Amino acid sequence: MRRRPTTHLIAAGMLGALALTACTPGSTTGTGATDQPSGAVETDPAAMGKVTLTVWDQEVRGGQAAQIEELNKEFQAKYPNITLKRVTRSFDDLKTTLGLALSGNNPPDVFQANNGRPDMGKFVQAGQLLPLDRYAEAYRWTERYPESVRKYSSYSSDGKTFGTGNLYGLPQVGEVVGIYANKAVLAKAGITDMPTTWADFEASLAKVKTAGQLPLVLGNLDKWPAIHVFGTVQAQTTPAEEIRTLGFGQKGGSWTTPENQKAAQTLVDWVDKGYFSPDVNGLGYDPAWQQFSKGTGAYLIAGTWLQADLGKAMGDDVTFVLPPPAGSTPVATGGTGIPWAVSSRTKHPDAAAAYIDFITDEHAMAVLAKTENLPVADTADQKAPSALGQDVFTAFGTAVKDDSLVPYLDYATPTMSDTLGAALQDLLAKKATPQQFLDTVQKDYGDFVAQNG
Amino acid sequence: MTDTTTAARSRPSAPERARRRRGGGPPGEPRNVAWLYLLPALLVYAAFLLYPLGRAVQISLYDWNGNTLATWAGLDNYVEVVGDPALRASFGHALVLIVFYAVLPVLVGLVLAAILSRAEVRGLAFFRTVVFLPQVVAMVVIAVAWRRMYAPAGSVNDLLGAIGLGGLARGWLGDYTAALPAVGLIGTWFEIGLVTVLLLAGTGKIATELYEAARLDGAGPVREFLSITLPALRGEIAVALTLTVIAALRTFDLVYVTTRGGPGTSTSVPSYEVYNRAFQQGRVGSAAAIAVVLTILIFAISFGITRIADRDR
Chain A
1 MRRRPTTHLI AAGMLGALAL TACTPGSTTG TGATDQPSGA VETDPAAMGK VTLTVWDQEV
61 RGGQAAQIEE LNKEFQAKYP NITLKRVTRS FDDLKTTLGL ALSGNNPPDV FQANNGRPDM
121 GKFVQAGQLL PLDRYAEAYR WTERYPESVR KYSSYSSDGK TFGTGNLYGL PQVGEVVGIY
181 ANKAVLAKAG ITDMPTTWAD FEASLAKVKT AGQLPLVLGN LDKWPAIHVF GTVQAQTTPA
241 EEIRTLGFGQ KGGSWTTPEN QKAAQTLVDW VDKGYFSPDV NGLGYDPAWQ QFSKGTGAYL
301 IAGTWLQADL GKAMGDDVTF VLPPPAGSTP VATGGTGIPW AVSSRTKHPD AAAAYIDFIT
361 DEHAMAVLAK TENLPVADTA DQKAPSALGQ DVFTAFGTAV KDDSLVPYLD YATPTMSDTL
421 GAALQDLLAK KATPQQFLDT VQKDYGDFVA QNG
Chain B
1 MTDTTTAARS RPSAPERARR RRGGGPPGEP RNVAWLYLLP ALLVYAAFLL YPLGRAVQIS
61 LYDWNGNTLA TWAGLDNYVE VVGDPALRAS FGHALVLIVF YAVLPVLVGL VLAAILSRAE
121 VRGLAFFRTV VFLPQVVAMV VIAVAWRRMY APAGSVNDLL GAIGLGGLAR GWLGDYTAAL
181 PAVGLIGTWF EIGLVTVLLL AGTGKIATEL YEAARLDGAG PVREFLSITL PALRGEIAVA
241 LTLTVIAALR TFDLVYVTTR GGPGTSTSVP SYEVYNRAFQ QGRVGSAAAI AVVLTILIFA
301 ISFGITRIAD RDR
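Sequence lines, in order, name chains A and B. Residues 1 to 453 (full-length UniProt numbering) make up the first sequence, in order. Residues 1 to 313 (full-length UniProt numbering) make up the second sequence, in order.
Read the hints as simulated data drawn from the structure, not as lab findings. It cannot be assumed that every hint is accurate.
If you want the footprint, here are the derived chain A segments under chain B, 3+ residues with CB under 8 Å [unchecked claim]: (1) 89-101; (2) 117-123; (3) 217-227; (4) 279-285; (5) 411-422.
Since the structure is predicted, the reported quantities are computational estimates derived from the model, not experimental observations. Backbone N, C-alpha and C fix where the C-beta goes; we use that ideal spot for every residue, glycine too.
Work out the full structure, taking the sequences as your base and the hints as a guide.
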């Protein structure tokens with residue numbers, strides 16, 4: 001007897017709740033591509049009157065925090081009529097909350113939106129980002145940023161094509177995955193000169209192994225680190241254009257090619273020869289590079305974001321080079337830091353663009369270099385605070401100049417990070433053959449491309 | 001809203017109420033007035049529980065990335081939950097975790113409780129506190145600590161080496177067969193304290209005369225445990241199982257911090273998939289469908305446990 005009213009009540013409540021929720025998810029938010037505002041662009045922030053800009057960023061650690069704090073302070077001093085309301089989040093927090101914020105009633109004016117399809121692509125599709133091409137012209141961003149960098153924040157206006165189309169953001173820093181080398185460990189194995197070709201590099205791995213040292217440090221417990229190692233190897237076996245097609249998730253590419261097969265096979269061979277850290281899938285990313293910084297291992301394939309930490313710990317022992325090329329020019333996985341974008345619903349698009357211009361101009365790049373970041377523009381002209389920093393600047397400058405950056409492979413589809421990460425763990429543990437590995441990744445890419453049209 | 005109006009309409013006037021009471025109805029306020037008392041709590045419940053639940057069910061019927069307009073998907077997301085072998089496997093992993101989170105702690109807890117309650121243990125309060133301590137620490141902290149212990153050069157392998165089992169050493173969380181049990185054991189360690197303290201409280205209220213009588217009849221410790229302690233603890237075991245089974249099924253933080261579902265997909269669990277799809281991949285509809293299925297599963301299992309425990313009462 002006692003249960004019946006409760007059951008009724010729950011049923012009634014559920015019906016009521018369903019009635020209240022009857023509208024389609026997403027229907028209350030701005031939809032479709034918004035019209036790009038036209039007319040003249042105001043480029044003098046001092047003439048914009050009293051403006052408050054809400055800025056969301058994830059520049060919370062070390063040199064990142066230092067650079068943005070300094071630039072914000074300078075901006076405020078120069079343009080007292082513009083008030084910056086800064087909201088800081090960690091990268092993960094920003095990633096999980098930005099989508100909600102943009103579909104809410106008070107989106108931030110300026111914010112950092114991650115390049116890939118799950119973030120920037122989705123926001124473009126929802127019409128939540130302001131195309132910045134007008135400003136690119138007014139501020140000559142096209143001269144400041146080479147196309148190889150701009151394509152990392154370019155989408156078609158329907159958000160379907162990545163790598164071309166409108167410009168939706170500007171990054172401050174560059175990133176490239178290259179090879180950190182411990183010169184002391186190499187010297188012990190009788191290697192005094194850094195290898196300059198891919199064949200030399202593979203030969204040096206064998207030499208280090210024979211000398212009883214660990215050739216390659218890799219900790220792949222977090223699933224994604226092997227993506228960068230695979231990308232580096234793939235860049236030596238596969239034409240750059242093909243990798244771009246795959247990485248940007250554009251039509252017409254294929255994973256199941258002999259070149260990719262060779263890249264996957266190389267990884268397996270390296271496992272067989274014992275080049276990688278033992279228990280590669282059981283070692284965390286941070287412990288791995290920390291081991292390297294303490295003198296374990298000859299090489300670490302990783303990104304420029306480790307520059308400050310490794311430089312501090314290893315001093316003159318460490319150096320950074322682009323992957324020694326198999327062909328004539330070096331090709332490396334890389335791209336940009338998280339670009340700064342503008343909400344399509346901001347009331348002050350001109351002020352927002354002026355702010356982005358300020359934090360990415362020539363002076364800003366110098367501030368970035370000084371605070372141990374890798375400036376994305378005019379990199380080779382900047383002066384690095386340390387020897388390792390100079391190596392990193394040179395490497396990135398070369399890569400951009402030769403237009404030899406290829407995108408991170410997990411940009412391709414919303415699910416690629418997971419698919420590729422898990423598939424590479426399987427490959428490294430020899431749970432999957434190179435062919436099975438490629439089939440898995442091809443399925444993710446193929447399904448997406450077919451659906452994306 | 002309808003609740004208020006009906007309640008207001010049928011609220012009887014004072015003389016009418018008096019008449020009714022004289023008319024031989026049950027004592028106290030009439031039923032409809034009782035609903036009025038419940039209303040505030042009910043509204044809060046509806047706003048924070050029923051509405052989100054309804055919304056989740058609704059979203060699960062759409063294909064939605066969280067930002068653009070959703071498209072109707074019908075039951076496609078549910079078909080995927082049933083049809084995708086990787087997703088099915090993640091539910092399987094959750095069931096394996098139940099063994100580690102619920103079954104093992106209850107067995108160990110029963111033994112501990114039996115020993116602690118039978119023997120005169122000095123400083124029982126101290127042991128009780130120590131055994132309960134894991135519960136006080138945040139799961140994320142526990143996960144970070146255990147991740148270090150399971151590392152290839154971590155203390156678990158050091159320990160194995162020290163006792164001559166160095167051959168077993170490995171990167172526990174990166175090993176395809178060992179990863180899931182390794183994650184599960186963290187749960188076991190975490191839940192044992194809670195279960196033991198619950199069971200100890202239960203044994204405390206068993207009348208000592210029962211044990212004396214049993215001993216006079218010549219029962220040994222095992223007989224005593226099986227005939228007196230175990231039946232008396234039925235309620236506590238049910239509570240412990242309910243709590244730990246739910247904890248097992250909604251495991252998220254542990255997997256997120258230790259393995260991210262890897263290696264491959266060997267430790268992925270439904271809750272992790274919900275997070276991953278909703279916040280990382282922009283597949284909110286699919287995430288909601290998994291969440292709904294998980295909710296139903298948790299409801300069914302905990303309902304089953306209480307049902308079994310209530311029987312014969």
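Hints versus structure:
Only residues whose beta carbon comes within less than 8 Å of a beta carbon in chain B count, and the segment 89-101 of chain A has 4; three or more means the coverage holds. Figure legend: the segment 117-123 of chain A, annotated as covered by chain B; annotation consistent (3 residues with Cβ-Cβ distances under 8 Å, at least 3 required). With 4 residues having a Cβ less than 8 Å from any Cβ of chain B, the segment 217-227 of chain A passes the three-residue criterion, so the hint holds. Note: the segment 279-285 of chain A has 6 residues with beta-carbon separation from chain B under 8 Å; the three-residue rule is met and the coverage holds.
Requiring three or more residues with a Cβ within less than 8 Å of a Cβ of chain B, the coverage given for the segment 411-422 of chain A holds, as 6 such residues are present.
Hint violations for this structure: none, all hints satisfied.
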